[in-house]
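Construct all of the structure, not just a fragment, from the sequences and the given hints.
Protein chains: 2
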Amino acid sequence: MIKEIAQITIKPGTEQEFEQGVNQAKPLFLRSRGCHGVQLFRSVESSEQYTLVVEWETLEDHMVHFRESSEFQQWRALVGGSLAAPPKVHHVSKVL
Amino acid sequence: MIKEIAQITIKPGTEQEFEQGVNQAKPLFLRSRGCHGVQLFRSVESSEQYTLVVEWETLEDHMVHFRESSEFQQWRALVGGSLAAPPKVHHVSKVL
Numbered sequence: 145m146i147k148e149i150a151q152i153t154i155k156p157g158t159e160q161e162f163e164q165g166v167n168q169a170k171p172l173f174l175r176s177r178g179c180h181g182v183q184l185f186r187s188v189e190s191s192e193q194y195t196l197v198v199e200w201e202t203l204e205d206h207m208v209h210f211r212e213s214s215e216f217q218q219w220r221a222l223v224g225g226s227l228a229a230p231p232k233v234h235h236v237s238k239v240l
Numbered sequence: 145m146i147k148e149i150a151q152i153t154i155k156p157g158t159e160q161e162f163e164q165g166v167n168q169a170k171p172l173f174l175r176s177r178g179c180h181g182v183q184l185f186r187s188v189e190s191s192e193q194y195t196l197v198v199e200w201e202t203l204e205d206h207m208v209h210f211r212e213s214s215e216f217q218q219w220r221a222l223v224g225g226s227l228a229a230p231p232k233v234h235h236v237s238k239v240l
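Taken in sequence, the protein lines are chains A and B.
According to the numbering used here, the first sequence is numbered sequentially starting from 145.
According to the numbering used here, the second sequence is numbered sequentially starting from 145.
Read the hints as simulated data drawn from the structure, not as lab findings.
Some hints could be false.
Copies of the same chain look alike in the list, so a pair counts if it works inside one copy or between any two.
Stated by the list, open to error - Dumping the calculated EDC-like pairs for lysine to aspartate or glutamate here, alpha-carbon to alpha-carbon at most 16 Å: (1) Lys238 x Glu159; (2) Lys238 x Glu192; (3) Lys238 x Glu163; (4) Lys147 x Asp205; (5) Lys155 x Glu201; (6) Lys232 x Glu201; (7) Lys238 x Glu201; (8) Lys155 x Glu192; (9) Lys232 x Glu189; (10) Lys232 x Asp205; (11) Lys155 x Asp205; (12) Lys147 x Glu215; (13) Lys147 x Glu189; (14) Lys147 x Glu204; (15) Lys238 x Glu189; (16) Lys232 x Glu215; (17) Lys147 x Glu201; (18) Lys170 x Glu215; (19) Lys170 x Glu204.
Here it is as structure tokens:
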């Protein structure tokens, strides 16, 4: 199991729109192959910075199967208007 | 409840030393005021990049009480030799 960590900066004033979009998109993730959970966090220091954490069984489930799916297109359609820049994405595995 | 997110880059070749240091430091966090958990993640893309996630009841529990404690000094003594740069720290709260 790995976690996708997406650092997201949104346009000023779109907090509500963005959070609603992520909430609406949650089922898109959860019905995708190998997806085991979605969480959204907001930075305490900078209110336009969010971190989306998605749990996947494998890297391929995210980078191949999800990225090439219509669910990914729908996800980007839901939140794309709020993004100030492309999300910075990396993946982590748990050590401790 | 908030999460401290510390982005840590270690010196090449110190992975084992660093992970052991974090493991040894775990009780230092867990006995500190307001601390509810410590997790360590390693980047899939870059093996020298780690993310330490610590759960705190309040920002002050981390930034004031922990930072001014002897536990913080002991934590830095355990892992300081492995760090390539000062950790980049921010805090997040859960939205979804």
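For a quick check of understanding: which of the numbered hints are violated here, in increasing order? When the structure is compared with the hints, numbers 5, 6, 10, 11, 12, 16, 19 turn out to be violated.
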